[in-house]
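Add chains L, Y, E, Z and A to chain P, keeping to what the hints say.
Chains as they are written, first to last, in this note's numbering: chain P, 1 to 112; chain L, 1 to 112; chain Y, 1 to 112; chain E, 1 to 112; chain Z, 1 to 112; chain A, 1 to 112.
To be clear, the hints were calculated from the coordinates, so they are not data collected in a lab.
In this text the structure is predicted, and so the values were computed from the model without any measurement.
Watch out, some of these pointers could steer you wrong.
Since the list gives no way to pick one copy over another, a pair counts as held whenever it fits inside one copy or between any two copies.
Stated by the list, open to error - No farther apart than 16 Å at their CA atoms in a straight line, the calculated lysine to aspartate or glutamate pairs in the EDC-like style are these: (1) 20 x 61; (2) 70 x 44; (3) 20 x 105; (4) 20 x 79; (5) 34 x 44; (6) 5 x 61; (7) 45 x 80; (8) 20 x 80; (9) 70 x 43; (10) 70 x 80; (11) 20 x 43; (12) 5 x 79; (13) 70 x 24.
Protein chains: 6
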Amino acid sequence: MSDFKAVAQAVVQGAGQLHKAKPELMTGFMGLHKAAMAPGALDEKTKEMMALAIGVAKLCDGCIASHLQKLVSLGLTADELNELLGVAILMGGGPSLVYATHALEAFQQLTA
Amino acid sequence: MSDFKAVAQAVVQGAGQLHKAKPELMTGFMGLHKAAMAPGALDEKTKEMMALAIGVAKLCDGCIASHLQKLVSLGLTADELNELLGVAILMGGGPSLVYATHALEAFQQLTA
Amino acid sequence: MSDFKAVAQAVVQGAGQLHKAKPELMTGFMGLHKAAMAPGALDEKTKEMMALAIGVAKLCDGCIASHLQKLVSLGLTADELNELLGVAILMGGGPSLVYATHALEAFQQLTA
Amino acid sequence: MSDFKAVAQAVVQGAGQLHKAKPELMTGFMGLHKAAMAPGALDEKTKEMMALAIGVAKLCDGCIASHLQKLVSLGLTADELNELLGVAILMGGGPSLVYATHALEAFQQLTA
Amino acid sequence: MSDFKAVAQAVVQGAGQLHKAKPELMTGFMGLHKAAMAPGALDEKTKEMMALAIGVAKLCDGCIASHLQKLVSLGLTADELNELLGVAILMGGGPSLVYATHALEAFQQLTA
Amino acid sequence: MSDFKAVAQAVVQGAGQLHKAKPELMTGFMGLHKAAMAPGALDEKTKEMMALAIGVAKLCDGCIASHLQKLVSLGLTADELNELLGVAILMGGGPSLVYATHALEAFQQLTA
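Isolated chain P, as found in the complex (with noise of 0.2 Å):
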């Protein structure tokens, strides 16, 4: 099982290069996200479980564990990360049970 914390970490590190290496790409990129993110008329945590629930249906860990880390932040229960996985899995089967059991691992390392 990978270290979740260390897979988020791992990818803020990574952005962080980026951006030093192309400050106006992780600019842009950061332009959009915080765009795509703000709360209006959906809540921050809404817009985060959307998020993701894509990353587990596009099979991507360090997507589970990026979203999964700030929707801890924003006091995501496991009731309500169980039921997000339940839609994951509707909307991609067997492989996104797979990655709903990652999300279950992240979830348990990110919160002990």
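Just chains L, Y, E, Z and A now, kept in the frame of chain P:
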């Protein structure tokens, strides 16, 4: 541009045809669907929004039509849709922007 | 609904056009195709069923049209198709159900 | 290289954990699984081969581990696996070749 | 066959509609787009060719239409397109061949 | 973090093993590979950059390792890699950013 009401209807008809041919298979799928979408820690609208976001991320017009039709019946606003699409674009870049434009068109057709 | 005979025919025509322009490229692809589909430990029909299942899982109408046309010529029954689609739905959830309905429609057109 | 027995075991454990937390969700999934894999017009081994081919095409190690473990118990031969992987490579190119090598490694571990 | 000029135009219109509704979101996306496509170590045409290759690999007609339209304005030749499609086929197998034929059709329409 | 030299080596070894077992299959794949990558209207480095961009977009570590190893031998600079990754992020959003960080790590390992 597709006729998204017809797209949603074709999915329903095809699923019905598969149900007649293999009732236990579609009973299994509908059981998963019902369990995944049942309100609990998250309400049905939030769950359908996650399903739609995944449908956009997977570039699936039939998913967009079906889940958007359900969301319209649950009272989804244009503003909520736009923000949902923002998350999908953040998690999918250009291809998700393309299918976000399909979702906008579908919303106009389904709410006309 | 698409005209799946036309979809399959367009793939053949486009591949032929690419063959004229870059013969070594399409000779390479056809060499891979021939080797992958040659009967051996598994027969051609089983191999084509796996290819169709992947085509459904990848949400690819042109793949569905092409491999289903071949499978119809190999004697695929409606019952076999339905069960193949069940596996694709298990491995892909809602989006695969959508494209399973495309495959059902294609089968009706290609066997009419 | 991954330890594919551990990968398959982690999927089982995570699914079990999700079953405890949301029994109706996993009962739904298992109902779909049972219906999709039940022998009928196609036998279970053919269905599991299609599931494995999709798992390779979706670049999903957990799927490869789980479905290959089942296939080994159903008597899959190395020759049958190699030909299955050929179809996956035809339908997925380079990325599928990468995960075909994972499947070869997994087969060696699971049959050792 | 699709009308790829209309497909490209629909993406532009939908993106414009989203820009009106959520200006900060599309400003964010356009900032990322501008930074990613700005000539630097690689020129714009090379970057657009990579974007088109990804669009083919992701089976996205709207991406093919949009990036091919830009590439035609940058002087892409039929020979360059054919070789780009060869790479996409190597990296995506049969499904990419299907969308390579869409790109060939789009090129004929956009250069007619 | 993965050892990307080992990842690239594992792909070569697995492909070699498949070649021994099914020579005609891998001869077919290598024929496609050779034809797709042969310099013509586009040079080999441009083609390998497109292959790497697709590998990042498909979230495939083995593809990143293999194509980056080749690109390092063809003289890819850090600046070229960063700009290639910008296009992949534009075409894939957050998940592609995650795998862009894998590519950065792989580049450091392969050029150390």
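Q. Of the hints stated earlier, which fail here?
A. Checked against the structure, the hints that fail are numbers 1, 11, 12, 13, while the rest are satisfied.
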